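Whenever a hint applies, use it, and build me the whole structure from the sequences.
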Amino acid sequence: MTTKMTAAEFNDMKKPAANKFGARRTRVDGELFDSASEAKRWGELRYLEMEGSIRDLRRQVDFPLKGPSGPLLTDKGREIVYRADFVYCDTKTGDCVIEDRKGHPTPEYKLKKAIMAAMGLKIIETRS
1 MTTKMTAAEF NDMKKPAANK FGARRTRVDG ELFDSASEAK RWGELRYLEM EGSIRDLRRQ
61 VDFPLKGPSG PLLTDKGREI VYRADFVYCD TKTGDCVIED RKGHPTPEYK LKKAIMAAMG
121 LKIIETRS
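Under this note's numbering, the first residue of the sequence shown carries the number 1, and numbering increases by one thereafter.
Simulated from the structure, these hints should not be mistaken for laboratory data. Keep in mind that this is a model prediction, so the values were computed, not measured. Note that beta-carbon positions come from the ideal geometry of N, C-alpha and C, so glycine has one too. Just to be clear, a hint being listed does not mean it is correct.
Distance condition first, Cα-Cα at most 30 Å in a straight line; then the derived BS3-like pairs of lysine-lysine [claimed, not checked]:
| no. | residue 1 | residue 2 |
| --- | --- | --- |
| 1 | 102 | 122 |
| 2 | 112 | 102 |
| 3 | 4 | 76 |
| 4 | 92 | 113 |
| 5 | 66 | 76 |
| 6 | 66 | 4 |
| 7 | 112 | 40 |
| 8 | 40 | 4 |
| 9 | 40 | 76 |
| 10 | 40 | 92 |
| 11 | 92 | 102 |
| 12 | 66 | 112 |
| 13 | 110 | 122 |
| 14 | 110 | 76 |
| 15 | 40 | 110 |
| 16 | 76 | 102 |
| 17 | 76 | 113 |
| 18 | 102 | 113 |
| 19 | 76 | 112 |
| 20 | 112 | 122 |
Computed beta-carbon distance windows for the label pairs [stated by the list, open to error]:
| no. | residue 1 | residue 2 | range |
| --- | --- | --- | --- |
| 21 | 109 | 3 | 15 to 25 Å |
| 22 | 25 | 118 | 25 to 35 Å |
| 23 | 50 | 106 | 29 to 39 Å |
| 24 | 62 | 26 | 20 to 30 Å |
| 25 | 3 | 55 | 50 to 60 Å |
| 26 | 110 | 48 | 25 to 35 Å |
| 27 | 110 | 3 | 19 to 29 Å |
| 28 | 58 | 5 | 33 to 43 Å |
| 29 | 30 | 105 | 22 to 32 Å |
| 30 | 7 | 32 | 16 to 26 Å |
| 31 | 127 | 7 | 34 to 44 Å |
| 32 | 91 | 66 | 25 to 35 Å |
| 33 | 25 | 46 | 13 to 23 Å |
| 34 | 74 | 34 | 13 to 23 Å |
Structural data, given as structure tokens:
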């Protein structure tokens, strides 16, 4: 006798895909982070915000990538974006900081970082 299951039941049984760099998703205060290192950095930045060193702390902020002739698009016509791990303002300098927590920079990340630099936006990398 065979048992039938729905697609939803099958998907529930599948193991989540492993990260190629060994990072494990981590939940802190109800928020899901791509890695324990990213979650730890979020805690550090939250402390700096409470202390008053930084303000307007946000995470997972999208920046549409633009070239000389306008927005960069995928083959399907969607805008290509760079998603920053953290964005905040430094209260001492007034500068807006775009920060990415990196263990292993991928070729895709390096390309997006170069495009952001061409747009005049600098990404600060913090290592795990």
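A quick look at each hint next to the structure:
A C-alpha spacing of about 15 Å is found between residue 102 and residue 122, which places the hinted pair at or below 30 Å, so the restraint holds. For a cut-off of 30 Å, the pair hint linking residue 112 to residue 102 stands: about 14 Å separates their Cα positions. For the proposed pair residue 4 and residue 76, the alpha carbon gap of about 36 Å is over 30 Å, so the pair is violated. Between residue 92 and residue 113 the CA atoms are separated by roughly 25 Å; this keeps the pair inside 30 Å, and the hint holds.
Pair hint residue 66 plus residue 76 holds up; C-alpha atoms about 16 Å apart against a cutoff of 30 Å. Only pairs whose Cα atoms come within 30 Å are accepted, and residue 66 paired with residue 4 is rejected, the gap being roughly 49 Å. Of the supplied pair hints, the one linking residue 112 and residue 40 holds, its CA atoms being roughly 24 Å apart against a limit of 30 Å. At most 30 Å may separate the alpha-carbon atoms for a hinted pair to count; residue 40 and residue 4 exceed this at roughly 43 Å.
Simply put, residue 40 and residue 76 have alpha-carbon atoms about 36 Å apart, too far for the 30 Å limit, and the pair is violated. With a C-alpha separation of about 23 Å, the suggested pairing of residue 40 with residue 92 holds against the 30 Å cut-off. A distance of roughly 25 Å separates the Cα atoms of residue 92 and residue 102; the hinted pair therefore holds under the 30 Å criterion. Annotation: proposed proximity of residue 66 to residue 112 holds, straight-line Cα distance about 10 Å (limit 30 Å).
A threshold of 30 Å between alpha carbons decides the hint, and for residue 110 with residue 122 the separation of about 12 Å falls inside it, so the pair holds. For the given pair, residue 110 sits about 22 Å from residue 76 by alpha-carbon distance, which is consistent with the 30 Å threshold. For the proposed pair residue 40 and residue 110, the alpha carbon gap of about 23 Å is at most 30 Å, so the pair holds. Of the supplied pair hints, the one linking residue 76 and residue 102 holds, its CA atoms being roughly 29 Å apart against a limit of 30 Å.
Of the supplied pair hints, the one linking residue 76 and residue 113 holds, its CA atoms being roughly 22 Å apart against a limit of 30 Å. Distance restraint check for residue 102 and residue 113: the Cα-Cα separation of roughly 12 Å lies within the 30 Å cut-off, and the hinted pair is therefore satisfied. A threshold of 30 Å between alpha carbons decides the hint, and for residue 76 with residue 112 the separation of about 19 Å falls inside it, so the pair holds. As the CA atoms of residue 112 and residue 122 are separated by approximately 11 Å, the hinted pair is consistent with the 30 Å bound.
Between residue 109 and residue 3 the C-beta distance comes to about 44 Å, which lies outside the given range of 15 to 25 Å. The supplied range of 25 to 35 Å is met by residue 25 and residue 118, whose beta-carbon atoms lie about 32 Å from each other. Our hint of 29 to 39 Å for residue 50 and residue 106 holds, since their Cβ atoms are close to 33 Å apart. Between residue 62 and residue 26 the C-beta distance comes to about 21 Å, which sits within the given range of 20 to 30 Å.
Here the CB-CB span from residue 3 to residue 55 is close to 56 Å, well matched to the stated 50 to 60 Å. A C-beta distance of roughly 27 Å is found between residue 110 and residue 48, which places it inside the suggested range of 25 to 35 Å. With their beta carbons about 48 Å apart, residue 110 and residue 3 fall outside the hinted range of 19 to 29 Å. Under the hint 33 to 43 Å, the C-beta atoms of residue 58 and residue 5, about 41 Å apart, fit the expected range.
At about 29 Å, the beta-carbon gap between residue 30 and residue 105 stays in the expected band of 22 to 32 Å. For the pair residue 7 and residue 32, the supplied restraint of 16 to 26 Å holds, since their beta-carbon distance comes to about 24 Å. Checked against the hint of 34 to 44 Å, the pair residue 127 and residue 7 passes, with Cβ atoms roughly 40 Å apart. In this structure the hint that residue 91 and residue 66 lie 25 to 35 Å apart at CB holds, the actual value being about 29 Å.
At roughly 19 Å, the beta-carbon separation of residue 25 and residue 46 lies within the given 13 to 23 Å, and the hint holds. Separated by about 22 Å at the C-beta atoms, residue 74 and residue 34 satisfy the suggested range of 13 to 23 Å.
Of the numbered hints stated above, those contradicted by the structure are hints 3, 6, 8, 9, 21 and 27, listed in ascending order.
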